[in-house]
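Following the numbering used here, the numbering of the sequence shown begins with 14 at its first residue and continues without gaps.
Hints in this document: simulated from the structure, not taken from any laboratory. Some clues are possibly wrong.
Unchecked claim - Keeping only pairs whose Cα atoms sit at most 30 Å apart, straight-line, the calculated DSSO-like set for lysine-lysine is: (1) K100 with K183; (2) K269 with K34; (3) K262 with K280; (4) K117 with K262; (5) K68 with K242; (6) K34 with K60; (7) K280 with K183.
On a predicted model such as this, the values are computed, not experimentally measured, just so you know.
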Amino acid sequence: MNTLHAFLTTAELEELTDLIKKVHGFDFSSYTKASLKRRVQRIMQLKRLQFYDLKHILVNNPEFFQEFLDEITVNVTEMFRDPPFYKALNSQVIPYLSTYQHIKMWSAGCSSGEEAYSLAILLQEAGLKKKSFIYGTDVNTVMLKEARKGIYNLRKIKSYAENYQLSGLKGSITDHFTIMYDAATIHSELKQNTLFSVHNLISDTIFNEFQLISCRNVFIYFESSLQEKILELFYNSLSPLGFLCMGSKETIRSDKFKNKFKVINSKENIYQKIVT
Numbered sequence: 014m015n016t017l018h019a020f021l022t023t024a025e026l027e028e029l030t031d032l033i034k035k036v037h038g039f040d041f042s043s044y045t046k047a048s049l050k051r052r053v054q055r056i057m058q059l060k061r062l063q064f065y066d067l068k069h070i071l072v073n074n075p076e077f078f079q080e081f082l083d084e085i086t087v088n089v090t091e092m093f094r095d096p097p098f099y100k101a102l103n104s105q106v107i108p109y110l111s112t113y114q115h116i117k118m119w120s121a122g123c124s125s126g127e128e129a130y131s132l133a134i135l136l137q138e139a140g141l142k143k144k145s146f147i148y149g150t151d152v153n154t155v156m157l158k159e160a161r162k163g164i165y166n167l168r169k170i171k172s173y174a175e176n177y178q179l180s181g182l183k184g185s186i187t188d189h190f191t192i193m194y195d196a197a198t199i200h201s202e203l204k205q206n207t208l209f210s211v212h213n214l215i216s217d218t219i220f221n222e223f224q225l226i227s228c229r230n231v232f233i234y235f236e237s238s239l240q241e242k243i244l245e246l247f248y249n250s251l252s253p254l255g256f257l258c259m260g261s262k263e264t265i266r267s268d269k270f271k272n273k274f275k276v277i278n279s280k281e282n283i284y285q286k287i288v289t
């Protein structure tokens, strides 16, 4: 069988994003073009679809659109990813949050839940989990189902254990899992006060009021105009003096928001909302 060589022109990509916005109300226009194009071409190749066929099925098959959306959205994640970030969070932010009567955190773009559970483990080891609530959100419903289960392949747990140790934590990551054959299940107490739900950063509005919002390695896939829009969403969703955590290759570049956040850790991109 011949391999389909899927190729998408810039004009076709724009036509596709316009079509999706009109039919499904989902706006891809502010995603970085190179990343979006690469992922659409991959779907076309996997499904053996020409451009016309792709448009037809996106219009006429809502189930396929959900599958398309799940493929397009980025789902690279792991527990305690970038250990120096978690070490900084534990030393510079957690002690501050411990002074609150209640702590609410938002893991935005949480994928299959590893980051939300990493935050839960940090809180648990600091003795703060019982007075905390963590929201994990994503647009990818398949990943959210995995997050709710909290079951991870044992091969992944081995790499997560190394991240955990490099984060400077004193116990063992396996203290927080029940091992079952080739998989590990997150302990039920870490699932308590942890809620995973659908939220679209592009189109949805202010989401609660949080002491900490973590959105790491998501901004790099968005154009600057969309980054600014999401920064406004985060700023308005943070409580006074709340913390915003971004990825290692991300920073607040918008002039509008540079003066609205204090830099807590420039290397790990941890910021605090300034109250004016």
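For each hint, the structure was consulted:
no., hint, verdict
1, K100 with K183, "holds (11 Å)"
2, K269 with K34, "holds (28 Å)"
3, K262 with K280, "holds (9 Å)"
4, K117 with K262, "holds (25 Å)"
5, K68 with K242, "holds (28 Å)"
6, K34 with K60, "holds (22 Å)"
7, K280 with K183, "holds (23 Å)"
The structure fails none of the hints (numbered hints given earlier).
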